[in-house]
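Trainee: Let the hints inform the model, and build the full structure from the sequences given.
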Amino acid sequence: MRFEVDPRRARPLPFVFAWAGLVVLGGAGLWTAFLGMGKWAPIVQFSIAAIQTGVVYILFMRLKGAPSLKLIFAVSGFFWLLFLYGIIMTDYSNRQGWPPSSVASPPVLETPAATHE
Amino acid sequence: MSVTTVERAAAGEPAEAEPSYLTAENTISSWLLTRDHKRIALLFFASITFFFFVGGMAATLMRLNLATPEGLLQPAVYNRMFTMHGIIMVWFFLIPSIPTTFGNFFIPLMIGARDLAFPRVNLLSWYVFNLSGLVVLFSLVMGGADTGWTFYTPLSTSFANGYVFAAAMAVFINGFSSIMTSLNFVVTIHRLRAPGMTWMRLPLFVWGIYSVSVVMLTATPVLAMDTFLLAVERVIGLGMFDPTHGGDAILWQHMFWFYSHPAVYIMILPSMGVISEVIPCYARRPIFGYAGMVIALMAIAFLSFFVWAHHMFVAGISIYSGVFFSLMTFFVAVPSAIKVFNWTVSLHKGSISFDAPMLYALGFVLLFTVGGVTGLMLATLPIDVDVHGTYFVIAHFHYIMVGATVSAYFAALHYWWPKITGRFYPEGWARFAAILTYVGFNLTFFPQFILGYLGMTRRSYTYPADWQSWNLLSSAGASILAVAYALPLLYLGWSLIWGRKAGPNPWRATGLEWALPSPPPEHNFARTPTVTLEPYSYDPEEGSFVTQEGTSHAR
Amino acid sequence: MPDSAVPRPEIQFATLAQQGDTAELGIWAFLINETIFFGALIFTYFLYRNFYPHEFAVAAKDTVLWCGSVNFLVLVTSSLTMVLGINAAAQGERREMIRWLVLTCALGFAFLFVKGYEYYLDFLHKSVPIVAYEAKPGEGSAGILFWVFYWVATGLHAIHLITGIGLVLYMLLWRIRRGEMTPAYYTPLEVIGIYWSFVDVVWLFLFPAIYLVGRS
Chain P
768 MRFEVDPRRA
778 RPLPFVFAWA
788 GLVVLGGAGL
798 WTAFLGMGKW
808 APIVQFSIAA
818 IQTGVVYILF
828 MRLKGAPSLK
838 LIFAVSGFFW
848 LLFLYGIIMT
858 DYSNRQGWPP
868 SSVASPPVLE
878 TPAATHE
Chain D
230 MSVTTVERAA
240 AGEPAEAEPS
250 YLTAENTISS
260 WLLTRDHKRI
270 ALLFFASITF
280 FFFVGGMAAT
290 LMRLNLATPE
300 GLLQPAVYNR
310 MFTMHGIIMV
320 WFFLIPSIPT
330 TFGNFFIPLM
340 IGARDLAFPR
350 VNLLSWYVFN
360 LSGLVVLFSL
370 VMGGADTGWT
380 FYTPLSTSFA
390 NGYVFAAAMA
400 VFINGFSSIM
410 TSLNFVVTIH
420 RLRAPGMTWM
430 RLPLFVWGIY
440 SVSVVMLTAT
450 PVLAMDTFLL
460 AVERVIGLGM
470 FDPTHGGDAI
480 LWQHMFWFYS
490 HPAVYIMILP
500 SMGVISEVIP
510 CYARRPIFGY
520 AGMVIALMAI
530 AFLSFFVWAH
540 HMFVAGISIY
550 SGVFFSLMTF
560 FVAVPSAIKV
570 FNWTVSLHKG
580 SISFDAPMLY
590 ALGFVLLFTV
600 GGVTGLMLAT
610 LPIDVDVHGT
620 YFVIAHFHYI
630 MVGATVSAYF
640 AALHYWWPKI
650 TGRFYPEGWA
660 RFAAILTYVG
670 FNLTFFPQFI
680 LGYLGMTRRS
690 YTYPADWQSW
700 NLLSSAGASI
710 LAVAYALPLL
720 YLGWSLIWGR
730 KAGPNPWRAT
740 GLEWALPSPP
750 PEHNFARTPT
760 VTLEPYSYDP
770 EEGSFVTQEG
780 TSHAR
Chain X
9 MPDSAVPRPE
19 IQFATLAQQG
29 DTAELGIWAF
39 LINETIFFGA
49 LIFTYFLYRN
59 FYPHEFAVAA
69 KDTVLWCGSV
79 NFLVLVTSSL
89 TMVLGINAAA
99 QGERREMIRW
109 LVLTCALGFA
119 FLFVKGYEYY
129 LDFLHKSVPI
139 VAYEAKPGEG
149 SAGILFWVFY
159 WVATGLHAIH
169 LITGIGLVLY
179 MLLWRIRRGE
189 MTPAYYTPLE
199 VIGIYWSFVD
209 VVWLFLFPAI
219 YLVGRS
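Protein chains in written order, with this note's numbering: chain P, 768 to 884; chain D, 230 to 784; chain X, 9 to 224.
Don't read these hints as lab results, they were simulated from the structure.
Even for Gly, the Cβ is constructed at its ideal location relative to N, Cα and C.
Don't take every hint at face value.
[As the list claims (entries may be wrong)] Derived coverage of chain X by chain D (criterion: at least 3 residues anywhere in the stretch with Cβ under 8 angstroms from a Cβ of chain D; other residues may be distant):
{"#": "1", "segment": "23 to 30"}
{"#": "2", "segment": "54 to 65"}
{"#": "3", "segment": "147 to 156"}
Mentor: Following this line, the structure appears as structure tokens:
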């Protein structure tokens with residue numbers, strides 16, 4: 768099925784399918800939170816978020832078939848964030864004395880589950 | 230979609246009869262609610278000139294205090310003076326200076342457009358700028374912040390007395406003004422160029438503004454988030470930079486300098502664009518290596534994002550990280566050096582006239598070189614460990630920000646004065662002011678290199694008596710510099726009323742802006758020009774030149 | 009359709025099409041700035057979660073998952089209704105356009121309503137730093153950083169959403185009432201739609217960051 772994003776010609780149904788896809792992906796992300804994936808959980812969940820972002824950008828925000836300059840603008844923000852994240856981590860990943868151990872919590876003990884309403 | 234062709238049927242109306250942008254309509258609301266980029270440029274000019282003098286007053290008090298070791302001001306007051314001097318000069322003068330005045334005025338003219346892409350956003354940018362200015366003035370009048378313009382945590386969040394919250398919010402709001410202006414320029418340059426105005430035919434001033442706008446758009450939001458988190462932490466008493474909760478005070482510095490290092494390139498890239506306009510015109514020959522100059526501008530803009538922690542070598546970052554940043558800082562110097570080389574070669578076999586804009590431009594090249602070379606010294610880890618936090622650093626950045634950027638600002642002011650106002654400035658006085666600026670500047674700031682090397686720390690209201698002679702020399706130079714900066718205010722003001730009237734192209738320059746009357750009409754071009762040539766088609770031997778839309782002019 | 013309903017391009021543009029294309033480029037340029045703004049905040053989150061995983065997992069247990077999930081559904085649906093509204097504008101279906109835009113507004117308000125209730129629950133759970141906060145066992149002193157992030161991020165997101173709702177209401181009550189947003193020119197609506205979908209995208213990242221930490 769061709770997904771027509773041009774508003775002058777777009778039919779609603781493809782967008783509804785895209786919406787359904789986003790909801791399913793969101794549900795999948797939610798489900799992974801309960802699977803005990805440890806350090807893989809955030810990687811999977813944020814990858815799902817990235818895929819959802821791609822769907823929203825390309826279909827809802829109509830980047831499909833858009834002039835290339837718009838695509839460059841759309842991607843630039845994320846690209847620049849890579850610099851921020853990557854280069855700052857050159858410091859935190861190997862700084863002596865980071866993270867400070869004095870504020871780390873004591874080892875996890877078997878405490879009875881607190882009741883919160 | 231990058232081509233604009235606009236025609237206006239001026240039936241029976243001769244072009245000369247059309248009123249200029251200055252006289253078109255003269256009510257207060259026609260100025261305060263204008264959409265004309267040229268009027269908005271003048272509005273910005275008024276605002277930033279005001280802040281230049283406010284920041285200058287703070288500097289005057291500082292240099293008066295430092296003339297003797299006993300000083301003049303209470304230490305806490307001195308701390309507030311250097312903080313407010315930095316905040317006001319950086320965000321309320323230098324960063325907006327060339328882009329919001331000459332950028333706003335000339336970008337549409339240089340690309341053959343009738344206005345910027347988003348005129349109302351442009352006006353909103355001025356109002357947001359003034360709002361942030363009110364907030365910073367509030368902070369100043371109530372006593373000021375005393376953290377240094379860098380707002381380092383945890384001093385700024387937990388321990389500083391003074392109006393840190395107001396100062397930080399002023400910077401936050403100011404960022405929106407930057408973002409609006411830069412967004413406007415980026416989209417305008419992409420979409421509103423006249424037919425034939427390809428990217429590689431753009432004047433280098435346009436490239437300078439484009440590259441600076443890319444940097445402003447991508448760097449400013451990090452500062453916005455950083456100052457926002459600072460404000461939150463200051464108000465609630467704990468936050469992301471709080472060591473008692475596992476936060477890292479140095480994270481503030483990382484995010485701050487992620488913006489503020491590109492910010493210093495924000496301050497220099499438009500100046501480089503100006504110098505690339507002035508030198509070909511007054512040497513009557515094309516710029517050497519146009520493509521290299523373009524690549525250098527974009528390379529500086531891009532590489533500027535990789536060097537920020539050279540401000541943090543001794544802050545406590547990982548040593549390997551420090552090595553990375555030192556290496557990247559060496560790299561970013563290369564395109565700047567290419568530009569200096571190209572400007573110098575652009576003088577070779579030229580027919581040079583030493584008018585005021587050229588004097589300021591030559592001063593720029595020399596002072597920028599000194600500033601740049603001392604920057605390389607600071608990029609070197611062992612040297613920086615010794616001179617970080619001393620007057621060596623202060624001298625380095627003032628050579629760039631004041632020696633270079635402010636010189637370029639005055640070069641632009643004099644070069645484009647006839648176009649903006651329709652009047653000539655008095656050349657004799659202008660040359661005198663340019664030379665006086667150069668003398669006063671060097672006298673003020675060169676001794677500071679020596680003081681830094683000797684060990685005088687920055688941000689200190691006093692110093693050991695041994696160093697008084699250098700400090701006195703610096704303060705004396707500052708008084709000369711003050712005169713040199715005040716002079717243009719006087720003679721330019723004089724010229725508005727008594728200056729000789731100027732024609733469309735008094736300097737016989739090649740850009741599209743010189744094809745219009747001086748001052749230009751409200752909507753710039755009646756008919757969109759078609760560009761056929763690259764810029765700077767000057768012939769030094771024949772003394773002729775060809776404008777970008779193809780009109781030849783003989784000697 | 010009367011000629012007077014077709015707007016003229018602004019003086020700096022040659023055609024309406026150029027004006028529309030430029031306006032869309034403008035909002036995408038603005039989104040570069042917004043991406044980096046929220047991205048910087050999310051960086052601080054990733055940094056501290058990476059170094060204090062246990063503390064964050066304990067602190068985040070008190071987030072109200074059902075509120076976050078409902079709000080995810082609300083926002084994703086509102087992106088759909090916004091797009092359908094713009095499509096209707098482009099195809100000249102004025103009544104349909106208004107219906108979809110009103111629904112979008114309503115969904116936006118629904119988000120704020122659920123968020124407001126969630127803030128109330130957070131207050132009861134003592135998850136409001138300084139105002140009403142109690143560190144849970146195992147959270148150490150770093151757990152509060154999670155909640156600082158939570159309040160800053162959701163607060164800024166809400167401000168952006170309120171701005172979006174304001175813009176849609178402005179369209180409905182001013183421009184559309186005057187007869188604008190026709191197939192001849194509907195770009196302002198498109199621009200607002202792009203902004204709206206971006207606010208949705210921010211939530212797509214905030215949702216796993218806030219609600220899916222330490223659930224297993």
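Trainee: Failing hints, ascending?
Mentor: none
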